[in-house]
Amino acid sequence: MILYGSNTLTLFVMRNTIIEKSRRRLLVLTIGTLFVSLFGGGLFALNQWQSDKQYQLMRREVQMAMQQGRYDDAIEQLTHGLAFWPGDSLLLQDYVIAQKHVRDSADQNLTLTIEVLSRSMQSNPHMQQAAEQLVSLHMVSGDAAQALKVADFALEHDPDNTQMIKRRALAYIRIGDFKQAIDDVDQCIVNLPTDYDLYLLRLYLAKLQNVGAPLMTELVASWRPHLQNEAWYQALMGVNCRLNQLHEQAISWFTQAASQKLDDPRLIQLLIGQLDSLGQYQIVDGWLETVDVQQMPTLLYDKAWRLWQNKSDQSLLKLEHQDQPAVMALQIFACKRTGQAQRGDHLLLRLANLPSTTANRNWLKLIHLLVNDVDSHPLQRIEAARQVRMTCSNHDLAEVVLAQQYEKLGEQEASLDVWRTLSNTTPRWTMPHLQQSRLLLETDHPMAAAAAARKALACDPRSIHAGVLLIEALLRSDRESTQQMAHSVFNDMADSLSADTRLLLQARLFQPLEVRLSVDQAIDQRQVITPETWLELAQISLERQGDWHDACLAQFEQHHPITPLWMLLKAKALQNEGQDIAARELINQTVQSQTLSQPEQVLSWQLAQAKYLTTTTDLLASHIAWQHLLEKYPHTLSVCQAILSLPRAQCQPQLREQAVRQLKALTGPYAIRWRYEQAALMLDQSRDNTALSQATLLLHDALKCSPSAMNCRVLLMQCLQMIGSEQGVLEQAHAILNIDPYHPQAMEILKQARS
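Residue numbers for the sequence shown follow our numbering, beginning at 233 and rising by one.
Keep in mind that the hints are not guaranteed to be accurate.
[Said to hold, decoys possible] Simulated crosslink set (DSS-like; lysine-lysine; CA at most 27 Å straight-line):
hint : residue 1 : residue 2
1    : K535      : K550
2    : K597      : K398
3    : K864      : K896
4    : K398      : K411
5    : K640      : K597
6    : K493      : K535
7    : K543      : K568
It is worth saying that the hints were derived from the structure and are not from the lab.
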């Protein structure tokens, strides 16, 4: 019993010990598991907290960068962020917004943007915002096939996305598949019958497929029950007639639509654009007078822009700007034009107090540079105008600024490109046509200049400026018929011309004896002639080998202080008479005396001296004079331009090369001329494959900046001829003829291609 009891006690103790150990082990295991769980969860929570903190920090930095206009910095942050959070819609939205504002996004960031958006779509195929932006970017890059693939992929996940179907239709149009494009547009019309852009697109597609006028009319008639009102039906009928060259019927339909009481700004803008393009300016002006633009803010800018074009500054200033920055900008410039500085400053202050949006900041910066900062460089103004162009919908005034500032940089072809764009967007405004005519005349394209002057006269038959440009352009042409036409236009306009303009045209049109009689008559009658006219008359006399330059130079010297141009023309007159020594003495003595009395005008006098030396046989003296100017005035644009305008035979390659380098530094990355000059210099020095390829790339870059740069196209055409690219040569010839239909070299190339 004792043994049994002892054993039982032992077993009991052992059992209790085992149970106790198990309990302790279980407790330890439980606590350990709990600790590990808490520790692991804590680490996960800590990592998550750090990730969220990094995300919020990055978002704050991005928002700050975008508010300050540092879009490049914002894109760099967002690119890293989207690598970690590719499906984040907020990051993607900021990325899309930043890309719309970044400088040269189409060139510098297009590849990167496509890569980021593609990665976001792979992470989240349902992200329609990424898909829509990606399709648009592929279209910008010219890859319509890839845009089509992205659109198809997106529509697999959201087949009812009407906007994506519309984008796919545009991609089909780009690759020439009009049938599929029509199917997509028809589907969009069914899904969204109030989107009137779809009806217009459908009409253009019908025209592209060469559908006859009766069938197109039936198509518009079939839409009639689905349209919002009768005016839209009449407007679409007008577009249909215009596409089929039935202009009188189109005007009738548009006029009917305009006669109704309209409250749809989109329809009104369509009618304004169509009637303008058909030359019905009076109808549009009268109509806009009756439209209450205060109730339709989208039309306020249209009215303000027209008043600014017509120089109706008082009417423009009476408009309530409704805090629209583009309208306020027009009013500020109207104040400047009318001398109302105080009112302009008040408007500028109002603009500065508007919400700090990108558009408002860009307009404020541009206006400040033009109105207050008179010492700002043209490159600063160009950059500000480009920012307005990229971020604002109504940027016509910025385009005008851009054209003017390009010309201040000596970039005539870039300026021409902007004026061509403006003449298409504002067909009733004579200014773009006049500027095109003048620039084409300066760059030696007389027949294209005549065509632009005729368009200006079509807009305003009473325009004296357009008539004068037409006469000058016709005179520059070598054709006998155009010379006769110039005389005819002059006879029609003679009575309405000022004495100065009449004398200048006579100097170009008439025989030297007749011109001399007119000049003598003006002197005897003491007609009021401007000093610039006397010098220009003398210059024409020297060019035409006339005999009235001495009288004109004497008149100038008698009534006005002498200028560098007077000195240069006087020396050339002596040179023509064989008095080279007297001409050189005149130049040296005048420059010496004038630089002492007018030290601020030293550059002007030395430039005239260098130009004179270029006309002599003393090439060494000419080279030394230009080299001195280039080294003494490295930041002066006029010196570089003057050197690059010299005949190539009279300018050493080293001097031209130095001028090109300085021109590049002065005119910036978007300039055209330094690219052209550098390409021409390369081809002068070598015609091997390396030089040809480098020159071709430079010229392609120039044409990407300014498609209207005809000199670049001509030089590129020569490069392509040497390379042996017949197709490339034909493409450039066609592009040149689109700008100048009478270009002899391009016409000859196409003539040879046909034969």
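Hints, one by one, checked against the model:
Distance restraint check for K535 and K550: the Cα-Cα separation of roughly 12 Å lies within the 27 Å cut-off, and the hinted pair is therefore satisfied. Of the pairs offered as hints, the one joining K597 and K398 is violated, with about 37 Å between alpha carbons and a cut-off of 27 Å exceeded. Under the criterion of a C-alpha separation no larger than 27 Å, the hint pairing K864 with K896 is consistent with the structure, at around 18 Å. This hinted pair checks out: K398 and K411 have alpha carbons roughly 14 Å apart, not beyond 27 Å.
Distance check on the hinted pair: K640 and K597 sit about 19 Å apart at the alpha-carbon level, within 27 Å; holds. Pair hint K493 plus K535 holds up; C-alpha atoms about 18 Å apart against a cutoff of 27 Å. For the hint linking K543 to K568, the alpha-carbon distance of about 12 Å falls within 27 Å, and the restraint holds.
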